[in-house]
Amino acid sequence: MFAVIKTGGKQYRVAAEDVLKIEKVTGNVGDIVEIGHVLAFGEGENVTIGAPFVEGAVVTAEVVEQGKARTVIAFKKRRRQNSRRTRGHRQLLTTVRIAEILTGGAKPAKKAAAKKEAAAAAPEAAEKPAKKAAPKKAAAPAESE
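Each residue of the sequence shown is one higher than the one before, starting from 565 at the first, in the numbering used here.
No wet-lab data here; the hints were simulated from the structure.
A couple of the hints might just be wrong.
Said to hold, decoys possible - Below are the EDC-like pairs computed for lysine to aspartate or glutamate, each with C-alpha atoms no more than 20 Å apart in a straight line:
hint: 1; residue 1: Lys671; residue 2: Glu598
hint: 2; residue 1: Lys632; residue 2: Glu619
hint: 3; residue 1: Lys570; residue 2: Glu626
hint: 4; residue 1: Lys588; residue 2: Glu598
hint: 5; residue 1: Lys695; residue 2: Glu707
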């Protein structure tokens with residue numbers, strides 16, 4: 565199954581387990597992001613095209629890396645004026661791995677699995693003995709006039 569998604573002002577044709585670099589999206593490495601701007605999806609000859617987006621279709625992806633693109637040099641020169649300017653720009657990129665293409669309002673499966681793993685890790689942390697608080701000082705008697 566494939567889907568055509570729109571993110572960062574660009575369109576991408578993706579399938580499950582594809583790895584691609586897109587414009588920066590918020591999230592840490594390992595987070596699951598949902599891309600709701602699905603323009604089309606299908607398999608073989610059976611293709612559904614949205615107007616402009618397909619209702620209830622969502623693509624889930626896992627953030628693999630946050631980084632920057634190669635430097636793009638903007639060089640401006642005015643001839644015979646001894647005038648030139650060089651500037652560089654590095655676009656922020658996010659590398660994602662497409663997890664699932666969901667249609668018809670289906671819920672993502674990986675989100676639930678990630679929550680279960682986090683819940684399993686929480687009891688292990690709770691079993692450790694807590695540090696005892698420092699003893700409190702006795703209250704000083706109130707001065708009377």
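Hint check:
| no. | hint | result |
| --- | --- | --- |
| 1 | Lys671 / Glu598 | holds, 11 Å |
| 2 | Lys632 / Glu619 | violated, 33 Å |
| 3 | Lys570 / Glu626 | holds, 16 Å |
| 4 | Lys588 / Glu598 | holds, 13 Å |
| 5 | Lys695 / Glu707 | violated, 35 Å |
Of the numbered hints listed earlier, those contradicted by the structure are 2 and 5.
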